[in-house]
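K.L.:
Sequence:
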Amino acid sequence: MARGLLLLLWVVCRPAIAFCFDAAGEKYHVDPLLVKAIAIGESSLNPAAININRDKAARREVSRDYGLMQVNSTHLPELVRDGVIKDKSELLTRPCLNVQIGTRILASHFQVCGINWNCLGSYNAGFRQDRHETRESYANRTYAIYKRLLKQERGIAL
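Numbers -18 to -1, 1 to 140, taken from mature numbering (1 follows the signal peptide of the UniProt record, and there is no 0), label the letters of the sequence shown in order.
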């Protein structure tokens, strides 16, 4: 029943999600197509997506990612404290809010390390020095999606 409701929500909300990218991009001064590219890479635009991150050695759960932008559970305490969400369920049931939060996180990363592709990779891999290759790989995947969207939606070929 819950899966059926989420599927219906996804079908009905898809056009509204385009607006969500535009609104988040405008609010945080990030190209909405870049935000959409991240959401495609993170969740294939599935607002109900959940990913469990595990420690490679012990295989124990270390965090979870939620929704379109795969907002990591490490952000939950701050989001609750700031009154952005009441609990993690909102990351799955409010797709536009999820996009806003993901874009807020991305914009805060750009403030830390500058507007560049390696910094964009920190959205997925964090800032640790030993994660440079992971950041670069993530940025390359996102860039490929972004280039495709630029061509499809704006007629711009890079």
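There's no promise every hint is true.
[Claimed, not checked] Dumping the calculated DSBU-like pairs for lysine-lysine here, alpha-carbon to alpha-carbon at most 35 Å:
#, residue 1, residue 2
1, K9, K133
2, K70, K129
3, K38, K70
4, K9, K129
Quick caveat, the hints were computed from the structure, so don't treat them as lab data.
K.L.:
Hint by hint, note whether the structure agrees.
P.N.:
Going down the list of hints, with the structure as the test:
Of the supplied pair hints, the one linking K9 and K133 holds, its CA atoms being roughly 24 Å apart against a limit of 35 Å. Only pairs whose Cα atoms come within 35 Å are accepted, and K70 paired with K129 is accepted, the gap being roughly 32 Å. Restraint check for K38 and K70: satisfied, since their Cα atoms lie roughly 25 Å apart, inside the 35 Å limit. With a C-alpha separation of about 22 Å, the suggested pairing of K9 with K129 holds against the 35 Å cut-off.
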